[in-house]
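K.L.:
This is what each chain is made of:
Number of protein chains: 2
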Amino acid sequence: MDWSIEQKKVLVQTPVFQLEEVSLVQNSDQKPVPLPYYRLHAGSWVNVFALTRDSKAILVRQPRVGMMQMTLECPGGGIDRDEDPAVAAARELEEETGYRAGRIESVGVISPNPAIMTNRLHMYLARDCYLPEDRRHFPDLTEQIEVRTLSLEELDVTMKEGGIHNALAALTILMSRRFILQN
Amino acid sequence: MDWSIEQKKVLVQTPVFQLEEVSLVQNSDQKPVPLPYYRLHAGSWVNVFALTRDSKAILVRQPRVGMMQMTLECPGGGIDRDEDPAVAAARELEEETGYRAGRIESVGVISPNPAIMTNRLHMYLARDCYLPEDRRHFPDLTEQIEVRTLSLEELDVTMKEGGIHNALAALTILMSRRFILQN
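From first to last, the protein sequence lines are chains H and L.
Under the numbering used here, think of the first position of the first sequence as 1, with each following residue one higher.
Under the numbering used here, think of the first position of the second sequence as 1, with each following residue one higher.
Just so you know, these hints were derived from the structure itself, not from any lab.
A couple of the hints might just be wrong.
Facing chain L, according to a computed beta carbon distance under 8 Å, are these residues of chain H, among others [to be verified]:
no., residue
1, V10
2, Q13
3, T14
4, L19
5, P63
6, R64
7, Q69
8, V87
9, P112
10, T118
11, L131
12, H165
13, L168
14, A170
15, I180
16, L181
This one's a predicted model, so the numbers in the text were calculated from it and none came from an experiment.
Idealized CB from N, CA, C, for every residue including glycine.
Start from the sequences and build out the full structure, keeping to the hints where you can.
P.N.:
Quick look at the structure:
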């Protein structure tokens, strides 16, 4: 890339992200790039396509303030500092749904939006998931997250009808389905 | 959804987006939701998986300031005010690559990130694309966007290796591939 950051200014700092305005120069001739650009820094994210031992998809229904509606998505969230992404995926799955992963595999790492986001999305497939006897997480009780299990046929219909609301969740599902077919 | 927006404050206004902080209340009991939330307003986006008449994928390589690197993605961009999303998709394809769509079909509408983004991503499959005789767009000359055509086999390898950098582009590709198989 022929551009470098010449100057940056923090516009907003919140507990979960930082928004920055940057001025760029062209490396080749040191000329300024005309417009300012914006970069949104957040910790990296995980998203998990989780299947029960009888191959049902484990999804979460939750209120989302961007869309201002209940959404149906995969479990997922932010990776803690110094946390391994696969560990974060298993943790988020269990915290949000109560299910523990039998095995967990990476199906890809990608930018959620390379134009503005500086972080990465780590996508995982979790198979043979089960509700452990020492279950500690009961997300239904919080009323914020509801757990839904769908057969793969039901999931296909739901996706076709636009019932999976989050692009990053939909991508994790499709990458996982391809991974299962190819491995 | 049991939450409503009680108050909002614009934190940042730029030509391409607005960042807002919102306070929420629970509809059921009018109690405030503890934390502030953030909403990023931008116009809705289109992303196009475009295939030439001989079934090569038309991709763009461009500098992206979030990732601060050259990325390989689908053509795409913002929908103009009052513009039909399918028209925007055909326009962005032609502006960014020079190719004109023979036919264009919707493969889905989804939120790019329902937690913070208020807009939508409209995904299209453009088939039978060709370089028209009255070609007006020569993106190679601008040095910002380079056009790459890949066979579907090459695209599969590229995706598997993480060579498609944008989650929204990867989703558009996989939704389009499914659409082709199912229709």
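K.L.:
Which of the stated hints cannot be reconciled with the structure, identified by number in ascending sequence?
P.N.:
Hints 1, 2, 8, 11, 15 and 16 contradicted; others consistent.
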